[in-house]
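Protein chains: 2
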Amino acid sequence: MILLYTGNGKGKTTSAVGTAIRARGRGKRVVFIQFMKARDSGEIKPLKELGVEVYRFGRKELVNLKNPSEEDKTLAKNALDLARKKLKENPFLIILDEVNVAVTAGLVDIKDVISLVKKAGDTHILLTGRYAPKELIELADLVTEMKEIKHPFQKGLLAVEGIDY
Amino acid sequence: MILLYTGNGKGKTTSAVGTAIRARGRGKRVVFIQFMKARDSGEIKPLKELGVEVYRFGRKELVNLKNPSEEDKTLAKNALDLARKKLKENPFLIILDEVNVAVTAGLVDIKDVISLVKKAGDTHILLTGRYAPKELIELADLVTEMKEIKHPFQKGLLAVEGIDY
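Quick mapping for you: the protein sequence lines, in order, are chains A and B. Numbering-wise (my numbering), the first sequence opens with residue 1 and increments by one. Numbering-wise (my numbering), the second sequence opens with residue 1 and increments by one.
Any given hint could turn out to be false.
Copies of the same chain are indistinguishable here, so a pair counts whether it falls within one copy or spans any two.
To be verified - Derived PhoX-like pairs: lysine-lysine, alpha-carbon spacing no greater than 20 Å straight-line:
#1 Lys-118 x Lys-134
#2 Lys-88 x Lys-73
#3 Lys-45 x Lys-28
#4 Lys-28 x Lys-134
#5 Lys-37 x Lys-48
#6 Lys-45 x Lys-119
#7 Lys-155 x Lys-118
#8 Lys-48 x Lys-147
#9 Lys-111 x Lys-86
If you are wondering where the hints come from, they were derived from the structure by calculation, not from laboratory data.
Please model the complete structure; the sequences and the hints are all you need to start from.
Dropping the structure here:
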């Protein structure tokens, strides 16, 4: 099954973490690959403790989506290369966190992502990130749009450790 | 902070699980209370292993939302009673999974939920479930609508162990 979470609201990566946990609770092998992320976040340690294989490809700084650097592109390509390699081992679930954004920002070629997804076989693949291209939405079996109705950052509140990261 | 996940798409409870994990990764105390749920689901064991305090109030069978039984109402009231008790201990996060549905189905009184949420103080409260009443949406600081764009059950595919439960 190909799952895709997109939209501008909170809950995409958080739900990917929950999906990883649910699969681990069934004793399944889970590979969690994050694009464009390297900054510390609360979920990483417990995911690893539970045996989720976590790989993070990013810099500490945010990617400039309108003008990504060569380093950003290389990191994203490395993430996709690893996904291809892991897929050959047929894990139960591969999560490609923020891959939708990586595609839309031009860090990786959408054809390469489509080609990977089409080879999924028995492996479930979960794609997350805003701005999901319609080709990926068409390819997915399950698509949820996480739509922001209200967000405390609108009111100027800061991110909370343990909730937002 | 009061967070609320609603909508007809997949990702509400899953994201609540991810939020619990993120908070635990920061060493915070998390109370996870599920309304109307008792059936086995993959995430329960790893949540407990990570020290999340999980309490489930439900029967194995699904609740008839149009005509809930007295037992369903008693279970939901017990869930809310426990939430009130736990709130007095000021945990970092209390998750009331499916409480929105419990309110809309008339299992618990919305006034009791509002009264609880207003006493949150420093405790973060996350409310999940479809059909969130507008009073709870107004009360929340963060609201995401998980909107179903595509779902494999539409195609007649069955739920997958490790992904859906």
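**Q.** Indices of hints not satisfied (ascending)
**A.** 2, 4, 6 and 8
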